[in-house]
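Novice: Chains A and B, in that order, give the protein sequences. First residue of the first sequence: 1, per the working numbering; consecutive thereafter. First residue of the second sequence: 1, per the working numbering; consecutive thereafter.
Just so you know, the hints here were simulated from the structure itself, not pulled from any lab data. These figures come from a predicted structure and were not determined experimentally. Treat the hints with caution; some may be incorrect.
[To be verified] Facing chain A, according to a computed beta carbon distance under 10 Å, are these residues of chain B, among others:
| # | residue |
| --- | --- |
| 1 | 86 |
| 2 | 101 |
| 3 | 103 |
| 4 | 110 |
| 5 | 115 |
[Stated by the list, open to error] Okay, derived cross-link-like pairs now, DSSO-like style, lysine-lysine, Cα gap no bigger than 27 Å in a straight line:
| # | chain 1 | residue 1 | chain 2 | residue 2 |
| --- | --- | --- | --- | --- |
| 6 | B | 256 | B | 17 |
| 7 | B | 14 | B | 88 |
| 8 | B | 225 | B | 23 |
| 9 | B | 88 | B | 35 |
| 10 | B | 225 | B | 68 |
| 11 | A | 224 | B | 23 |
| 12 | B | 68 | B | 23 |
| 13 | B | 88 | A | 141 |
| 14 | B | 225 | A | 141 |
| 15 | A | 141 | B | 124 |
| 16 | B | 133 | B | 213 |
| 17 | B | 68 | B | 195 |
| 18 | B | 35 | B | 213 |
| 19 | A | 224 | B | 17 |
| 20 | B | 35 | B | 68 |
Ideal placement from N, C-alpha and C gives every residue a C-beta, glycine not left out.
In case you want the letters, here they are:
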Amino acid sequence: MNFLALIGRVVLAFLGHIGRLTLFTGTALSHCVRPPIYPRLIGRQMIDIGYYSLPVVGLTAIFSGMVLALQSYTGFARFAAGSENAVANVVVVSLTRELGPVLAGLMVAGRIGASMAAEIGTMRVTEQLDALTTLSTNPYKYLVVPRLIAGTLMLPLLVFIADIIGIFGGFVVSVYKLGFNPAAYISNTYDFMQPLDVISGLVKAGVFGFIIALMGCYSGYHSKGGAQGVGAATTNAVVSSSILILTFNYIITELFFGT
Amino acid sequence: MNSTENTVPKISLKDVKKSFGAKRVLDGVTLDIAKGESVVVIGGSGTGKSVLIKSIIGILLADSGIIKVDGEDVTQVQASARESVNRKFGMLFQGAALFDSLPVWENVAFGLMQRERMSRKHAKERAIETLAKVGLSAEVGELAPSELSGGMQKRVGLARAIAGEPEIIFFDEPTTGLDPIMADVINDLIISCVKQQGITALSITHDMHSARKIADRVTMLYEGKLIWDGAAADVDRSGNPYVEQFVHGSAEGPIKMQVRR
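Bound conformation, chain A alone:
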């Protein structure tokens, strides 16, 4: 009997969570299209999410590109000689389609999602959210909407830069370590690169940016109970946005390339 009650409680808590998240998303989206909007706050969030994430995302991208080139070369060498063409192909396809958006998304989830949850969570437990309401300012408009807009717009930009840096990383390893012909590598990269690869990656990035901001704000907004609650909100933001990123990564891939 107790065991059944436990199952019931877990299921109910889960459903309650989904319901709250759905309501939160709906409210936030409806505030996105209704004035007033705060350009100043959107700008600040864009700088925070876009500009200050560049070093982290750039480093992730360059090492991913480098290791991709190295791994695919040594891996392909087992099967066939003359796998030089394939290296450029593998690097550009896997970076633009998969690794660029996913790795950038996960890094930004750790960096930005956590800080959003901690900031809004602290505002919740110190009554700053209530103070916003009493000053006739809607917390959704003032806090959530700027983050959602900035996240959705900035992640594609970050991923676009990450794609370029990652391909450059692959180029560096291929040319300087593996001794490929640089001109041939570049022309191979151009030949293999399809616009759809890049576009699908950027669409993913936009969705991931939305997810990161949404989960960061949602976790913070619903945090309770002081420092411990804020800590739990931060963890929740990073874990849930990472899982959602990986889930939506599959769904979007299926939509673009699934037959």
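With chain A's structure known, arrange chain B on it following the hints.
Specialist: Showing chain B alone in chain A's frame:
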């Protein structure tokens, strides 16, 4: 204050109830506050005093009952109209609840810039004027809230609450956590900034010294109900054993602290 000239109470609560789960926090609260009157609700910690204020402001929704502001039932208004009702309100939070991402002056000017669309330059001038009213210099306006002491934060919170020239101000434990001298400074500021301006005030506190000083009327919340209501001068001879125990701060009496569990 002259409360007979205005027949419509500024704030009127009728049979307001609010529960959290199985716990009934407000169990039929009825209270009228006249224009310009300063009412203090006393009561122990965790008796739902904050819930009472938050229900009026609309941060929490009452389960049932009627809450009227200027005769208008605010439990029925739409979210958009709610913001215009909230324009009449100012609130000083227990922990001041200053926005720590903004400098002090922007905290004070926040309502002016957000609801009245005042320019930053103009709003800053008003903020500095308001800071002066609570005895803080213009230099303080440039500091971050985290650089201020607790008493200064409370004063900035008071400045933020009065900056928008509200008709009603709520004080959530205005003197809690302050030393007795700073607490009295806050009491004096409340009298000079609120009572003398004819602003209606609803405060909650368990600091009897503060209650005696700032209140026209005192009422006591116990187990979700207002069990006593009278002039501030009568609080020491209320004849109500609950109020007497609270006023004298005695562990002996009809109110039993729930220390078991």
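Novice: Take the shortest C-beta to C-beta distance between residue 86/B and chain A; is it under 10 Å?
Specialist: Result: holds, 5 Å to nearest chain A Cβ.
Novice: Check whether the Cα positions of residue 141/A and residue 124/B lie no farther apart than 27 Å.
Specialist: The given pair, whose Cα atoms are some 23 Å apart, holds under the 27 Å limit.
Novice: Quickly compare the C-alpha distance for residue 225/B and residue 23/B to 27 Å and report which way the hint goes.
Specialist: 14 Å, holds
Novice: Does the interface hint hold: is residue 115/B within less than 10 Å of chain A, judged Cβ to Cβ?
Specialist: Hint on residue 115/B: holds, closest Cβ of chain A at ~4 Å, below 10 Å.
Novice: Quick one, are residue 133/B and residue 213/B close enough, alpha carbons at most 27 Å?
Specialist: 19 Å, holds
Novice: Please verify that hint: residue 103/B, Cβ, nearest Cβ of chain A, below 10 Å or not.
Specialist: 14 Å, violated
Novice: Going straight from one Cα to the other, do residue 35/B and residue 213/B come out at no more than 27 Å?
Specialist: Since the Cα atoms of residue 35/B and residue 213/B sit roughly 19 Å apart, the hinted pair holds (cutoff 27 Å).
Novice: Does the structure keep residue 224/A and residue 23/B at a Cα separation of 27 Å or less?
Specialist: Holds: residue 224/A and residue 23/B sit about 18 Å apart, inside 27 Å.
Novice: What's the verdict on residue 35/B and residue 68/B, does the C-alpha distance respect the 27 Å limit or exceed it?
Specialist: 13 Å, holds
Novice: Is it true that the CA of residue 225/B sits at most 27 Å from the CA of residue 141/A?
Specialist: 36 Å, violated
Novice: Using Cβ atoms only, decide whether residue 110/B comes closer than 10 Å to chain A, and label the hint accordingly.
Specialist: This hint holds: residue 110/B lies near chain A, its Cβ roughly 5 Å from the closest one there, short of 10 Å.
Novice: Keeping to a limit of 27 Å between CA atoms, is the pair of residue 88/B and residue 35/B held or broken?
Specialist: 12 Å, holds
Checked against the numbered hints given earlier, this structure breaks hints 3, 14; the rest are met.
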